[in-house]
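Protein chains: 2
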Amino acid sequence: MYRTHNNGALRSSDIGTEVTLSGWVQKSRDKGFMIWVDLRDRYGITQLIFDEERTPEAMMEQARTLGREFVVQVTGKVIDRSSKNPNLPTGDIEILVSELTVLNTAKTPPFTIEDETDGGEDLRMKYRYLDIRRNPVKNSLIFRHKVTMEVRKYLSNADFIEVETPYLIKSTPEGARDFVVPSRMNAGQFYALPQSPQTFKQLLMVGGMDKYFQIVKCFRDEDLRADRQPEFTQIDCEMAFVTQEDILNRFEGLTRHLLKEVNGVEIGDFPRMTYDDAMRKYGNDKPDIRFGMEFGELNEVVQHKDFGVFNNAELVVGIAVPGGSSYTRKEIDKLIDWVKRPQVGALGMVYCRVNQDGTFKSSVDKFYDQEDLAKWAEATNAKPGDLICVLSGVPNKVRAQLSALRMELAERLGLRDPKVFAPLWIIDFPLLELDEETGHYHAMHHPFTSPKPGQIELLSTDPGAVKANAYDLVLNGNEIGGGSIRIHDKETQALMFDYLGFTPEEAQAQFGFLMDAFQYGAPPHGGLAFGLDRLVAILGGQETIRDFIAFPKNNSGRDVMIDAPAPVDPEQLKELSLALNIQE
Amino acid sequence: MYRTHNNGALRSSDIGTEVTLSGWVQKSRDKGFMIWVDLRDRYGITQLIFDEERTPEAMMEQARTLGREFVVQVTGKVIDRSSKNPNLPTGDIEILVSELTVLNTAKTPPFTIEDETDGGEDLRMKYRYLDIRRNPVKNSLIFRHKVTMEVRKYLSNADFIEVETPYLIKSTPEGARDFVVPSRMNAGQFYALPQSPQTFKQLLMVGGMDKYFQIVKCFRDEDLRADRQPEFTQIDCEMAFVTQEDILNRFEGLTRHLLKEVNGVEIGDFPRMTYDDAMRKYGNDKPDIRFGMEFGELNEVVQHKDFGVFNNAELVVGIAVPGGSSYTRKEIDKLIDWVKRPQVGALGMVYCRVNQDGTFKSSVDKFYDQEDLAKWAEATNAKPGDLICVLSGVPNKVRAQLSALRMELAERLGLRDPKVFAPLWIIDFPLLELDEETGHYHAMHHPFTSPKPGQIELLSTDPGAVKANAYDLVLNGNEIGGGSIRIHDKETQALMFDYLGFTPEEAQAQFGFLMDAFQYGAPPHGGLAFGLDRLVAILGGQETIRDFIAFPKNNSGRDVMIDAPAPVDPEQLKELSLALNIQE
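Residue numbers (this note's numbering), protein chains in the order written: chain A, 1 to 584; chain B, 585 to 1168.
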């Protein structure tokens, strides 16, 4: 037996007991006549003591050889600690060691195993197994486990059945790029790894499973951006015989359960906002509503004056920055530079200080008098002391720009408190989205999303206006989940594929099994999927998902620890009926 | 809202309530003046009634159009049922329908949606979503969910953390064939899908995670046999600072918890048997101990007589078949034919009836007298009325043959009761296994398994004799789990790779990350993995795993429902820097 207790367990009530502990040497202090060693494991730290009065000389010498991260086993007596450490749960006691065994030695780790490490990102990824020893990463993984346990508990109690769907499925041209898996037994053919279990969960509804969920890995072969992984985890859910209302209530319940159980936060009913309102008020379909700074549309109050920039703009829109009237001219100029960065893309920014005395000072005083500017303040809900920032241009673009500015300012103002949780449903998403490059519409959510009742006829006349029973759950400015009511009859599904540019043959070849299934008694159904990596990061109060994934890949999709991907044996390729075809 | 209750919920206490139900038409009976419809969902069946006295004529007509598997919604009043059905939980009531809506029609299903279906295997696979509506499949999937929930509950309560390990990892030449995944961003390179998360779970132990588990899909590109799937699910577990004893106790606890919670069966301590004993007593490393029929070795009592077959055999071994003395000569001849089938491969079988009066009648009476045969009976523990079956030959082969005969006879005798559970640990597995074709030894479990202390020196002198701290959990003649104490130091691991024929460069290229990790303070560790598909099937009292997998593949690795694998677009291959290379 390697231990009687873990290193977080012992208290003063254990004094006098003989115990055996195992763990890693966190640090040691050698004062000559006395040596203290902090012994660490997942559960905590316990102080070991060796002293020349009570410890044999040979063991004193052995204790002196213990380096950082050595793995040791000790037996000894729990004794009262002379100088207590109130920051440590075990801080009232220490272990007077009578037996010491080195279970394994350790080379000096390439970075310090401390909460704040000196290791850079690359080094930490290469030695991820050492990074996991650090509290921030270790605790994130334990937190993730806690979240998934609570998800399963809640859904299982609500009659959901977790069903495993296959990982080796069929490649579809729709959506993002698939990872494919060559089949050896079916030469020249490929499986694909699922981007989501979408069609399978719908088939489970056709199969009468009624309420399904699965915490499941999904795969997308896309060019990676920061904080996006080629493999990611979804909480995938589907329900039969439900309306949108049923689904929103159920997953609001799940989210509320998680906030309560893992964060200790009680939240009331989640607000709901239509997609159109979200775009108008926040320029964004995943608004962070932990703070205000709602958009004020200014067309009516700014146009028909002599200011050509505004007169020629399709949309003039502003926000009030709390306390911003005190910004210096230099600070405001920096803000203007910020919105002109290519990542934001505004051509300029008009501003107006709302002075503490209620007067206004704008960058366009030549065109607008105090009375005009009072209307700006009214439209943007600006208070004395605020700064009104105004952008203008094409609606889609200017909204995105002002949204970026709003988020940046909120960040600077400390309004994005990770301990505050502000969930929000965005509903009534458009069914289709215009691809500005090709001029074609494609499915905003996916081709299985049902248009709202009675709106399907609009497809041929005003496709952009067709709304769907599609919804996203937004938490603190992040989309953490999304779903829809699905099409459940073959005719509508065929019409949708037709509209999206599939020939009937293509639709049949790719999704014939689903349309066939719809002919054998498909119930109305709908569902939702949460992005687990993002969800746990936000619940954990973090911005990035990487510490919540045990073995993440870097931005080139590489696992630098195991060095994958890697070349394979030519013999293996031959068995798969494949050859390399690398273009220079 | 589609329903106020599900179809398994209503009882006589609900009589008088107005309810709304949705579901599938299981069947309908039309007596002209009265129509009964059985409405089905996952939760049960509720009887609907339409009658010409109380139901409007138009609705009577509509009810007549309802076909099998139509999806309908009804509103009506819960009424007392005139002829109760005690076999149905809802059998005391029926619904007098006042509103009827057809939510979806259904073509006639290709097989009946009944517990006993007329659909063959192929048809059921193609229309798996209909097969899932049948109770045997539906209940198997729900049972699987229940098992996994209990696994997670038990392990989580025991401080295990579920950690997701990556699916896109590195291909290794060791073991079975990998499925590979070409990387688009790293031209000419491939990920592999994990055959198990073995190295990752060990790295989590190096990382201090202490107790890990994961219910995880694994992949093997092997030629498929019946009841083997290219993707399968493991309950994967690993623990640090543990001895074999700690691991056996913990997973015995898990198995006992499952038997209690999902089967309602209480089981005491699991017996343990060494690999050598299992092979000697049952000719098999996964013996079914629900019944006896232990092997009796007969060399000492049969040799040195005039029977050359036995005299020349390395091993002569027999079993006593309960009640077998009553078999006719013809039945015994059939048994002899059975053991001579190529799948079993015996050259013949000697037998001896133990008559009710205690006398013996053998097929080799010419060579053995009553006193000799009494010794056979003693060695095989045969009672009056039994039949002793004796095989002889090379030990490995003859044991396998007699084991096959033992299982076959137990099956015929009804001794393999799926409601009886007989777990068993097999311990002290050999570290290495001789490949009879190549004459080389390879790792019996995997190359990370630790030899027993002090035995590593035997590697160079008597490799077949080296035992490992490796163990299997056997349930009712099936290996449901297996594991080992791992190597946790670089030197031993390097030695093992060397012994297994890796050059130092190959070992470093494939497993360098693991051996590096061992240098930074690796704790002693070990673990175990359960095959979930098999485990749930056995707990569910079934022989085959297929009904416990929602969407299984056929024996050619095809999903016949979605028709995968399938060819992919040439453009897609080009992006992956690949070309087809099909050999005729």
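Treat the hints as calculated values from the structure; they're not laboratory data. Any given hint could be a false lead.
[Said to hold, decoys possible] Cβ pair distances, simulated, as ranges: (1) A:290 - B:671: 52 to 60 angstroms; (2) B:1155 - A:500: 14 to 22 angstroms; (3) B:1041 - A:59: 47 to 55 angstroms.
We put the beta carbon where it would ideally sit given N, CA and C, even for glycine.
To see whether the hints hold, each was checked on the structure:
no. : hint                               : in the structure
1   : A:290 - B:671: 52 to 60 angstroms  : 57 angstroms, holds
2   : B:1155 - A:500: 14 to 22 angstroms : 19 angstroms, holds
3   : B:1041 - A:59: 47 to 55 angstroms  : 30 angstroms, violated
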